[in-house]
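**Student:** Given next are the chains, with one letter for each unit.
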Amino acid sequence: MYEFARGPLVWIAFIVFFLGLFYRLVMMIIQSRKDKVVLPYIKMKEGINSIAHWVIPFGSRNMRLRPAFTIISFLFHICLLITPVFVLGHIVLFQQSWGISWWHIPEQITNIMTMIVVVGGLFFFLRRIGDPTVRFVTSWSDFVLLIIVLAPFITGLMAYYQAFDYRTVITIHMISGALWLMVIPFTRIVHMLFFPFTRAYMGSEFGYVRNAKDW
Amino acid sequence: MEELVEKKVVDAGLDETIKKLTPQRIKEVVNRVLTRENAARLQVYLDTCVHCGLCAEACHTYLSRDNDPRFSPVGKVKETLWELVKRKGNVEPEFIRNMARIAFTECGVCRRCSMYCPFGIDIAYLLLVVRRICSLLGVVPQYLQDTTNSHAATSNQMWVNQDEWIDTLQWQEEEAQFELPSARIPLEKEGADVMYSVIAPEPKILAQLLANMAIIFKVAGEDWTMPATDGWDNSNMAMYSGDFEIMGRVEKLHWETAARLKVKKIVMGECGHAFRGAVYDGPRWLGWQFPPIPMVHAIEYYYDILSTGKIKIKEKYKEPITVQDPCNTVRGRGLGDKLRYIMNTICEDFRDMEPRFEHNYCCMAGGGTINCGPPWKRSRMVSNKVKAEQLKETGAHVVCTPCHNCHSGIEDIIGHYNLGLHVKFISELLIETMEIPEELKV
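Sequence lines, in order, name chains U and C.
Quick note: the first sequence uses my numbering, first residue 1, plus one each step.
Quick note: the second sequence uses my numbering, first residue 1001, plus one each step.
Just so you know, not all the hints are guaranteed correct.
Cut-off 27 angstroms, straight-line C-alpha distance, at most; resulting in silico cross-link-like pairs (DSSO-like, lysine-lysine) [unchecked claim]:
1. C:K1312 to C:K1424
2. C:K1086 to U:K34
3. U:K36 to C:K1088
4. C:K1314 to C:K1441
5. U:K34 to C:K1265
6. C:K1252 to U:K34
7. C:K1265 to C:K1310
8. C:K1078 to U:K34
9. U:K36 to C:K1027
10. C:K1424 to C:K1310
11. U:K36 to C:K1252
12. C:K1204 to C:K1318
13. C:K1088 to U:K34
14. U:K36 to C:K1086
15. C:K1424 to U:K43
16. C:K1204 to C:K1312
17. C:K1078 to U:K36
18. C:K1265 to C:K1078
Think of the hints as simulated: they come from the structure by calculation, not from any bench.
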């Protein structure tokens, strides 16, 4: 199982991930042409302006209205995206397999970053249960997605601290990581891909067409 | 607990029409709208929404109803579109009735929520998709459907006949001449600089606004005209009832009338949704990227004549006054700064609202909600609690509303919450404060 997770599964996961994202992107473009009122109104400048206001912490009024959420959400997303790419363990595997390597973040720091992801995820989990507004629009799939996202980070931490049987834990870590990559294009986590596009479109509709701000 | 039990509103437009629905018809219409009439936006928005609930605090209905989850923008989408998609249109007539109640009477499609969604999901568009489905199924609040029927039959919103239209203009010309003898309402003047268009409630119930404009145009020295034919009405309730075919017809006639009169631009009265229909939704339905002739909203026009000195203020308005930023001209055109320039030029004691500009709370009258009529007024008033508080906090005695829907909606709020405010259009303030040159008075 470990060999399968280390070898073929990684390939499958990356292929599904990249082909899946590519498929979603192409479908989005085809559908945008069909939805005739989208493409003619998208403008680079206003689109980027809107994206900038929404990727800079406290750049929008909504973020300023809820500072705690903004900080947790930003930390969660930044650590979630950066940690897997720059964690030493992953780079070592790439070096062993393909002989390529790149700069890595010291392990003490990636450890903390991983914990931030787990704590952030836990916060989102509790928010789904505790906040009536969020609970109302939450279905079981939201919890499943959250578990899929958090599983590689939790098992990664367990592997680092050698909790339980290392080989079992690291195998689960690899499988959950592969699963995470594979579900991205086909679930709501696809917001990772669509964010710049939906934002740029709305930014253009507000900024270019309507001379107004959308942040 | 009493408040939790809402009385069911009786509305023949919903109660009687759902009796005629069959499962096949519902499924057919839902699938047509979801798969054939809509594409990228619907698909991407539904897939991108992570159910985070961050849009909730954008909505005045949610805030006014003590953060009731059903009134958050995403909550409304959940109870309508998510279910339709999940059940592939296999829903019962009662579900369609609820859908219509939510989309027509509990959302003003003001688009404030798209400024609070991190992804910029156009939630108002999603609710308009719901309205479209309801409209094709014939399930629309009766009063709102009546305005659409009027558009279809008379090309204006309020069943005004052509003779009544011309007669009203001539009557108001005389009224204006009583104040300013040289004032005129020029009809059918080909090649004028400006065609002035209004919404049908002006000739129907607020005719004095037409006389006001005759005086303002005279003092500003404008070369203007109004059509004597259909096409004078720039309002468009069909846009909000979901009858886009009628919406397109109304807008086409409006633009063709301007083209027939060979005017350089259209100036329109103080109305927000009419601007939206004429400049955005109408042209897009007709396949034009932008309107064929420039369309200038009253706010922009007043700004121009005040800032260029075509009209001078004799004595500023004294009463403490605040201003309502209408969704379709401030969020929809960025006219907030010009509106404040006007307020500060005309008024001595201008007190701004909080939140303001694009972030102002919706009046909950636009978007067709006030046109759903008396049966829904109580519900509308409950949804207006934050608006009432916001108005009260300004400490103003008068509120200026450069939009007809905001105007009527805020009048209702003032009555319901006993705020003791007065509501005025900019044109009324101008008439009270502007300087009329002596040479025009003969």
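**Student:** Each hint needs a verdict: does it hold in this structure or not?
**Tutor:** Hints, one by one, checked against the model:
1. C:K1312 to C:K1424: holds, 19 angstroms
2. C:K1086 to U:K34: Given pair K1086 (chain C), K34 (chain U) holds - Cα atoms ~23 angstroms apart, limit 27 angstroms.
3. U:K36 to C:K1088: Roughly 24 angstroms between the alpha carbons, so the hint for K36 (chain U) and K1088 (chain C) holds.
4. C:K1314 to C:K1441: holds, 15 angstroms
5. U:K34 to C:K1265: violated, 32 angstroms
6. C:K1252 to U:K34: Judged against 27 angstroms, a Cα distance of about 23 angstroms means the pair holds.
7. C:K1265 to C:K1310: holds, 18 angstroms
8. C:K1078 to U:K34: holds, 25 angstroms
9. U:K36 to C:K1027: holds, 25 angstroms
10. C:K1424 to C:K1310: Within the cut-off at roughly 22 angstroms; holds.
11. U:K36 to C:K1252: holds, 19 angstroms
12. C:K1204 to C:K1318: Measuring from Cα to Cα gives roughly 31 angstroms; hence the hint is violated.
13. C:K1088 to U:K34: Roughly 21 angstroms separates the two Cα atoms, so the pair holds.
14. U:K36 to C:K1086: holds, 26 angstroms
15. C:K1424 to U:K43: Violated. K1424 (chain C) to K43 (chain U) sits at ~38 angstroms, over the 27 angstroms cutoff.
16. C:K1204 to C:K1312: Judged against 27 angstroms, a Cα distance of about 30 angstroms means the pair is violated.
17. C:K1078 to U:K36: Given pair K1078 (chain C), K36 (chain U) holds - Cα atoms ~26 angstroms apart, limit 27 angstroms.
18. C:K1265 to C:K1078: violated, 43 angstroms
Hint compliance for this structure: hints 5, 12, 15, 16, 18 are not met, and every other hint is.
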